[in-house]
Structures are given as structure tokens and as C-alpha cells.
Amino acid sequence: MAYDTQFLLGLYRQMVLIRQFEERVKFLFLEGVMPGTIHQYQGQEAVAVGVCSALEAQDVITSTHRPHGHALAKGLSIESLMGELFGKVTGCCHGKGGSMHVGDLEKGMVPAIAIVGGGVPIATGIGLSFKLRQEPRVAVCFMGDGATNEGAFHEAVNMGAIWSLPVVYVIENNRYSASTPICQTARVERLTERAHAYGIPGVTVDGNDVLTVHEAAQVAVERARSGAGPTLLEAMTYRITGHSRRDPCLYQPEEERKQALAEEPIGRYGAWLLAEGTAEQAALDQARAEVDAEIEEAVRAAQAAPAPAPEAALEDVFA
Amino acid sequence: MTYRDAINAALAEELERDERVFLLGEDVGLFGGAMAVTKGLYERFGERRVQDMPISESAIVGGTLGAVLTGLRPVAEIMFIDFVGVCMDQIVNQIAKVRYMLGGQVEVPLVIRTQGGGGKSYAAQHSQSLEAWFMHTPGLKVVIPSTPADAKGLLKSAIRDNNPVLFIEHKLLYNEKGEVPEGEHLVPLGQARVVREGSGLTIATYSRMVGLVQQAAEGLAAEGTEVEIVDLRTLTPLDEETMFASVRKTGRFLAVEEGHLTAGVGAELVARVTKNCFDYLDGPPERVAAQDRPIPCAPALEKATLPQVEDILTAARALVG
Ligand SMILES: Cc1ncc(C[n+]2csc(CCOP(=O)(O)OP(=O)(O)O)c2C)c(N)n1
Ligand SMILES: [Mg+2]
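Chains as they are written, first to last, in our numbering: chain A, 1 to 319; chain B, 1 to 321.
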């Protein structure tokens with residue numbers, strides 16, 4: 001497929017933004033200036049960017065305990081994310097949610113759900129709403145491989161299937177549920193084999209190739225939007241950072257890790273852009289320098305922003 | 001020894017003592033548990049006795065019941081108490097009721113270990129204190145230790161008990177140190193501990209709040225009020241007598257918990273104290289608990305939501321004033 005150069009460079013910039021954001025945040029956490037905990041997205045950028053680039057602004061995503069990449073790919077501002085991670089009033093949830101609950105419905109992202117599998121029924125319900133209201137919108141449910149072992153996954157995907165809802169269920173298969181490898185948690189080769197059980201298409205793709213993800217997502221999104229029903233889309237990827245903060249990943253075999261680092265999505269895509277003559281190294285470097293500057297600005301703004309006043313804790317319990 | 005190591009020791013000793021005991025949960029094997037409580041047990045006892053599970057709390061917890069009904073004594077781990085939402089049916093409708101529904105045909109010797117509490121800015125889905133839900137469920141024992149010694153002694157008793165026990169640890173206590181008796185140290189379920197004697201005011205509490213109440217008691221002593229602190233240690237069975245005896249001595253009662261105020265543990269304690277010690281009370285009992293709202297992330301908001309030493313001091317001063 002022929003793509004516009006701006007589009008191709010845009011994908012690169014988005015992935016680099018997520019990577020650099022996460023690296024900066026990791027450093028801030030280790031410095032001890034951010035409260036709470038974090039689950040980071042390094043290595044999986046092609047999934048969020050590939051999928052979200054196939055969506056319209058009015059489409060809605062649900063996310064997980066590992067939401068920063070989804071949020072940036074769906075268009076939340078760096079400031080509102082950074083502010084939330086610092087627990088400041090400028091954060092997208094005004095400091096109430098923190099890292100595990102970032103989101104902004106205005107931008108089409110349900111605040112992230114940190115109960116594994118908890119987002120799947122909600123995405124199904126969003127799809128049901130779009131169908132009942134006859135709106136041409138699509139819901140995308142991001143989840144990890146581990147989430148497919150929760151009962152909620154099975155109940156909700158089946159429901160999406162029987163009602164032909166406009167939902168794309170995206171499994172980011174990074175081969176681990178926290179420390180536990182997938183060979184210990186599933187017998188199937190591909191998690192999309194489970195799609196047969198619900199009578200919907202199941203597609204497994206290379207989740208470290210942003211264009212492959214984008215194209216598979218486009219097919220699934222079109223199918224959903226046209227009323228033909230959900231797709232189970234599995235993106236094979238790898239988490240090249242800890243599960244949560246201060247996890248040294250001792251459970252990842254060294255060979256496997258080395259291989260994964262060689263296949264991480266940004267280096268791969270950058271090399272492809274250069275080889276295709278789509279971009280010069282200078283353009284890629286410039287993209288990185290630009291996002292780094294934006295991130296630094298967001299860090300400064302977040303650090304300078306006020307913490308919420310204690311009385312703010314009283315607000316938002318009921319409408 | 002730390003609270004974490006004390007729990008680890010109790011698990012190791014019970015695995016050693018009884019072939020029927022086994023552990024199951026997410027990341028409890030080689031990784032040693034999300035809170036590092038089961039470190040070394042997989043290496044020592046093998047995967048037959050220490051089993052990693054998929055993220056399937058309903059099957060993990062429900063599975064323990066199946067194992068129990070056919071002769072084993074499982075100890076399951078639920079990483080955060082917040083995740084009980086995913087397996088409430090198995091806990092509340094199955095495990096807690098099976099013996100009664102079957103007219104006493106079976107015993108249900110299983111333990112569900114989990115950890116709760118806030119203070120780490122983990123926000124609304126990873127900071128809750130849900131013990132009151134389970135105190136409200138007949139058929140379940142609820143154990144909630146505050147010290148390393150109690151953690152060990154109560155867990156060993158829980159594993160040997162022939163009833164289902166929800167064993168609730170606190171995420172902020174894992175690194176707390178204390179003396180822990182070696183080997184056969186059993187603390188019976190249903191026996192409160194008087195942490196500090198005093199004649200001016202009784203404070204009943206448990207888990208991490210024991211430490212906060214102790215701090216408050218120091219301050220109150222300096223102001224001339226001697227506080228008697230009762231660490232309940234188990235919520236079901238509840239050692240009312242220790243609490244009542246204290247209130248009959250002091251005439252004043254304060255319940256302190258980290259869970260939400262409304263319909264919380266303190267509500268039950270106050271009701272029982274009021275009914276049983278009415279003639280001894282100098283005034284209405286009081287409660288300190290978390291504010292009735294989800295636990296927010298931002299440190300200032302979390303602090304304003306969870307009980308602090310200052311809140312205990314304020315409530316205590318009002319009671320004795
Ligand atoms: C119901 C529930 N169980 C357990 C957890 C603890 N937990 C958080 S993330 C995680 C691993 C999730 O694995 P996966 O779904 O593959 O997502 P990944 O972390 O790999 O992105 C676990 C066990 C949780 N948050 N919710
Ligand atoms: Mg995973």
C-alpha cells in the first residue's frame with residue numbers, strides 16, 4: 001500500500017514520543033519525585049500507534065494498567081499525562097487517578113482500568129451503545145495476553161460477537177503476565193484461536209511492525225464500523241522494560257531479551273524508513289529532538305503545577 | 001524479622017509440616033510473589049507445592065474449594081484485596097456457605113492470603129481496606145495481623161484451622177521488623193491483644209492502624225490520658241470480651257480502622273460496646289476511619305482520605321475532654 005510521507009513520519013514521531021516519554025518518566029520515578037507506581041510501554045509502541053492511527057477522533061478506546069502509550073497515541077496531551085503522573089491539578093484526572101487511571105473521554109479514552117480484564121465488558125458496552133444509538137463509531141479494547149484468562153474476557157467477547165458489536169478486541173501479547181510466561185498460562189499457540197470459540201475472526205500479527213498493525217487494525221475497524229461485528233486482533237510484541245517500577249526482569253531469558261531488543265519497533269521502523277528513502281536520518285533525529293523538548297516542557301509544567309488542595313478529595317464522589 | 005519474612009516462615013513451616021498444604025497464586029513461584037512474600041518457597045518445595053496461576057482469580061479461589069473438598073489444604077494468594085471483586089462469588093457464595101448448606105458434611109480448611117491498605121498513592125483500585133465486607137459474611141474467618149510475630153502465629157493457626165480464613169496483610173507493614181518466636185509459634189484465632197494498658201480511654205484497632213494508635217497514645221500520655229490499646233488481630237471470630245473488659249475499666253471507647261467509615265468495622269464495634277457496656281460509658285463512643293470516598297492517587301488527597309495520627313488525637317481528645 002502506498003502511504004503519504006507525512007503519515008509515515010507521523011507514525012515514527014508518535015512511537016518515539018511514547019518511548020521518550022516513558023524513558024523520562026522511568027527516570028523521574030527512580031529519582032523518587034513521582035508518587036505511586038508505573039507500568040511502562042517501552043517495546044510495545046507499534047501496537048498503540050498502529051491501532052490508534054486506524055481510528056477516528058470519535059472512536060473510543062479502553063486501556064489497562066499499562067496505559068501511557070495508549071493515551072499518547074489517542075491524542076491526550078503530554079502535559080495532561082505528565083501532570084497526572086505527578087498527581088497535580090493539571091493532570092487529566094486532576095491527580096485522583098495517577099498512572100494507572102489516565103484517560104480523557106473528550107479524547108476518546110476511557111480512564112484506564114487497572115483491574116486486569118476489567119475493560120473488556122466496558123468496551124463491549126461502548127460498542128453496544130454505538131450500535132443502539134446508530135452512531136458510526138468503534139470501540140477498541142486494549143488488553144494484555146494475561147487478561148484473556150479472566151472470566152470477564154470470555155463473557156464480554158462472546159457478547160460482542162452475538163450482537164455483532166462495533167468493537168475491536170486488541171490483545172497485546174508481550175508473552176508475560178507480570179513475571180509468568182505465556183507457556184504457563186495458555187495451551188493455545190495463538191490467543192486468536194480463542195476467537196473460534198465466539199465465532200468471530202481472529203488475526204495474529206507482528207506487533208512490532210507498526211504498518212502491519214495499522215493495516216490489520218484498519219480491516220478490523222472497517223469491519224466493526226460496517227456492522228459486521230468484532231475482531232480479536234493479537235499483536236505479538238515484547239516488553240523491554242520492567243513489568244512495574246524496579247522490576248529487573250530476571251524472569252526474561254537473556255537470549256529472548258536480546259532477540260526482542262533487536263526486534264523492537266522503533267529501530268526497525270526507522271531503519272525501514274531510511275532504507276525506503278522515505279526519510280533522512282536528520283529527519284528522524286529532528287523528530288526525536290522535538291519530542292524531547294516537548295516532554296521537558298511538560299515535566300517543567302507538571303513540577304510547577306499546584307498539587308490538589310485536600311478539599312478536592314471531597315469532590316466527584318457523586319454527580 | 002520482618003512482617004514479610006514472618007509470613008514466609010509460617011508458609012515454609014506449614015508446607016514442611018503437612019503434605020496436604022500447597023500454595024497457589026499469580027507470580028508466587030520463581031518470582032516469589034508480587035510482594036516478595038513467597039520468595040524461596042518454589043525452590044524449596046517445587047512446583048507441585050507452589051503453583052503459579054494465570055490471571056484467573058475466580059478459578060484460583062474456586063479451585064481451592066474443590067481441592068479442599070477432596071482432602072487438600074490450599075493457601076491461595078490474591079495479589080491485592082481489591083481484586084476480590086473478580087472472585088466474590090467463589091468467596092461469598094461458595095466457600096463461605098458450603099459447609100452450612102451441606103448441613104455440616106464438610107470442613108473447609110483453606111486460606112486466602114491477600115494484602116490491602118493505602119498509603120502508597122496506588123489510587124482507587126489498589127489501596128482499599130475491604131475487611132468489613134467479609135466480616136459481614138458468615139462462615140468466613142477474617143484475620144488481620146499488625147506485627148511480624150502475630151503474622152506468623154496467626155497464619156500458622158489459619159492454615160491449621162478447619163474453616164475458610166481470609167488472611168489480610170498490609171502493604172505498608174511488610175518491611176516492619178519485630179521479634180518473632182522461632183518454630184512452633186501459634187496465635188489462636190479470636191484472641192485480641194492488649195498492646196498498651198491504660199485507664200483513660202479504650203481504642204480498639206488492627207493492622208497498620210495499631211502503629212498509628214500507638215503514636216497517638218504517646219501524645220495523649222503526655223497530655224495526661226492513658227490509653228488502653230486493643231489489637232483485635234481477628235475480626236471473625238471477634239474477641240469482644242477483651243474489648244468489653246477494657247471499656248468497663250476506662251468508660252470511653254474509640255474504634256480506629258483504615259476502611260471506610262460507613263458500615264465499617266468500627267460501626268459494628270461501637271454497636272456491640274454500646275449494647276454491652278452501656279452503663280459503664282461516660283459518653284458516646286466514637287470512630288476514626290477512612291472518609292467515604294474512593295482512595296485518590298495524589299499524596300495530599302490520599303492523606304486527607306485515610307486516617308492519620310492527627311485524626312486519632314482529635315477524636316481521643318474530644319472523648320476525654
Ligand atoms: C484482576 C487483577 N488481577 C491481578 C492484577 C495484578 N496485575 C497487574 S498487571 C498484571 C499482569 C498483566 O498481564 P497482561 O494482561 O499480559 O498485561 P501486561 O502487564 O503484560 O501488559 C497483573 C497480574 C490486577 N491488576 N488485576
Ligand atoms: Mg502480558
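Be aware that one or more of the hints could be misleading.
As the list claims (entries may be wrong) - Per the computed footprint, the stretches of chain A lying under chain B, defined by three or more beta-carbons under 8 Å from a beta-carbon of chain B, are:
no.: 1; segment: 85 to 96
no.: 2; segment: 163 to 177
no.: 3; segment: 216 to 224
no.: 4; segment: 299 to 309
As the list claims (entries may be wrong) - Simulated pairs of lysine-lysine, DSS-like, Cα-Cα distance not exceeding 30 Å:
no.: 5; chain 1: B; residue 1: LYS177; chain 2: B; residue 2: LYS97
no.: 6; chain 1: B; residue 1: LYS275; chain 2: A; residue 2: LYS26
no.: 7; chain 1: B; residue 1: LYS39; chain 2: A; residue 2: LYS258
no.: 8; chain 1: A; residue 1: LYS107; chain 2: A; residue 2: LYS131
no.: 9; chain 1: B; residue 1: LYS249; chain 2: B; residue 2: LYS120
no.: 10; chain 1: B; residue 1: LYS249; chain 2: A; residue 2: LYS26
no.: 11; chain 1: B; residue 1: LYS249; chain 2: B; residue 2: LYS303
no.: 12; chain 1: A; residue 1: LYS107; chain 2: B; residue 2: LYS275
no.: 13; chain 1: B; residue 1: LYS303; chain 2: B; residue 2: LYS177
no.: 14; chain 1: B; residue 1: LYS177; chain 2: B; residue 2: LYS120
no.: 15; chain 1: B; residue 1: LYS39; chain 2: B; residue 2: LYS249
no.: 16; chain 1: A; residue 1: LYS131; chain 2: A; residue 2: LYS26
no.: 17; chain 1: B; residue 1: LYS275; chain 2: B; residue 2: LYS303
no.: 18; chain 1: B; residue 1: LYS171; chain 2: B; residue 2: LYS39
no.: 19; chain 1: B; residue 1: LYS171; chain 2: A; residue 2: LYS26
no.: 20; chain 1: B; residue 1: LYS120; chain 2: A; residue 2: LYS26
no.: 21; chain 1: B; residue 1: LYS171; chain 2: B; residue 2: LYS275
no.: 22; chain 1: A; residue 1: LYS26; chain 2: A; residue 2: LYS258
Hints are computed from structural coordinates only; laboratory data are not their basis.
Please read all numbers here as calculations on a predicted model, not as lab measurements.
In this text, a Cβ means the ideal position worked out from N, Cα and C, and glycines have one as well.
TODO: Taking the numbered hints from earlier one at a time, note which ones the structure violates and give those numbers from smallest to largest.
DONE: Structure breaks hints 2, 3, 5, 6, 9, 10, 11, 12, 15, 16, 17 and 21.
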